[in-house]
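Chain residues, written in single-letter form:
There are 2 protein chains.
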Amino acid sequence: MHYPESFSELVEYLKLLPGVGRRGAERIALAMIEWDGGQLRSFGELLAGLPERIGKCPRCGALADGGELCRICSDPRRDVSQICVVENMTQLAAVEKGNYFRGVYLVLGGRLSPLDGEDGSSLNIPLLRERASQPETKEVILALSSDVEGRATAAFLAELLAGFPVKLSRPALGLPAGANLSYADGATIAAAFSNRTDMQ
Amino acid sequence: MHYPESFSELVEYLKLLPGVGRRGAERIALAMIEWDGGQLRSFGELLAGLPERIGKCPRCGALADGGELCRICSDPRRDVSQICVVENMTQLAAVEKGNYFRGVYLVLGGRLSPLDGEDGSSLNIPLLRERASQPETKEVILALSSDVEGRATAAFLAELLAGFPVKLSRPALGLPAGANLSYADGATIAAAFSNRTDMQ
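Sequence order for the protein chains is A and B. Just add 2 to the spot in the first sequence (first one is 1) and you have the numbering used here. Just add 2 to the spot in the second sequence (first one is 1) and you have the numbering used here.
Quick caveat, the hints were computed from the structure, so don't treat them as lab data. Careful: at least some of the hints might be erroneous.
Said to hold, decoys possible - Some residues of chain B that are not near chain A, with every Cβ distance over 10 Å (derived):
1) Arg79
2) Pro116
3) Ser124
4) Val150
5) Pro167
6) Leu170
7) Arg172
8) Thr190
Said to hold, decoys possible - Straight-line Cα separation of at most 30 Å, DSBU-like style, residue types lysine-lysine; simulated pairs:
9) A:Lys99 - B:Lys17
10) B:Lys58 - A:Lys17
11) A:Lys58 - B:Lys17
12) A:Lys58 - A:Lys99
13) B:Lys140 - A:Lys17
14) B:Lys140 - B:Lys99
15) A:Lys99 - B:Lys99
To be verified - Which bits of chain B does chain A cover? Going by a derived footprint, with three or more residues having C-beta under 8 Å, they are:
16) 26-35
17) 92-103
Quick caveat, the model's predicted, so the values are computed rather than measured. Here a beta-carbon is modelled for each residue, glycine too, at the ideal position from N, C-alpha and C.
Could you build all of it, start to finish, from the sequences and the hints given here?
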């Protein structure tokens, strides 16, 4: 009412961002209109051009420049015999941060979640089957979350891939690096003890 | 590194928003690229067009459609004899929410803050002097924050306006509506008691 039309439109868009409510959107909008005009214009042009510029990698489902392979699939140093299945790009980024895994990915695009109506039909399962059936694929690492839905999804995928000539694995459960034992929950302690490693 | 170029550019822009760090920016960017292409495009066009569409009201300094009076200054039902001085648009919005004040505003665009190098030279003080000297102006309400810098700014403005034939006032200090007395701080209690109102 006391804001000009264009400002209200800006607030409506900002309210669509995750974790941003009306007050946050107004605060962000007030800051954005203080930006230099050229900066606002180039941000706007970037957003307007995104649908053309960004897409999904046809080999793994990760984000990629439109119509191209993603940076990992197009890197010849990556080992295509190992495929790490993750739920989304955030998890892919987390695995990459570990700086250990040198294989390639398959981004599922979600996980089984019956309560949210996700029965697997919108997941990248056809792509996973296709990749698992290719002769270069030796191992599929199911790096899903270790909560209930993540484990259900891993179990579902394990069953689905049972007939393929690939090794199936999942990351070890145990204590986080640098963690204090007294803050670990019972399930983590149990997993860490049952998977204890020899020190000799 | 594992994100496409356009995605990284998006994250860099989002990091400029207030209260958004690297992780928040990535989370927002991942959500935005799931938006429908048309929506991204129209948001982008809105941003790119903002520098032309949005401006400051020449009468009060509030946000306005480019080159025009703001919604309040252009509303003939508002009482131009009362000018409420606020620091910024957020405070203007707060006063409007009270749904009590029917006068007009002057948006200072900040407040005196020697530690941040704000000595008043970038504030809308020339506009305030001009408005205060106009014959229709009867009262100036200094609705600044009641913290140290707000009070210093109000004192500075009061001195500045002392020579003008206008009444100067400020909002009453007291207990917030609906508040429990036991949570009020000492300064608020003291103000509420010294300004107590008669109940007969």
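Each hint, compared with the structure:
no.	hint	result
1	Arg79	holds (13 Å)
2	Pro116	holds (21 Å)
3	Ser124	holds (12 Å)
4	Val150	holds (22 Å)
5	Pro167	holds (29 Å)
6	Leu170	holds (24 Å)
7	Arg172	holds (21 Å)
8	Thr190	holds (23 Å)
9	A:Lys99 - B:Lys17	holds (20 Å)
10	B:Lys58 - A:Lys17	holds (24 Å)
11	A:Lys58 - B:Lys17	holds (24 Å)
12	A:Lys58 - A:Lys99	holds (21 Å)
13	B:Lys140 - A:Lys17	violated (40 Å)
14	B:Lys140 - B:Lys99	holds (23 Å)
15	A:Lys99 - B:Lys99	violated (47 Å)
16	26-35	holds (count 8)
17	92-103	holds (count 4)
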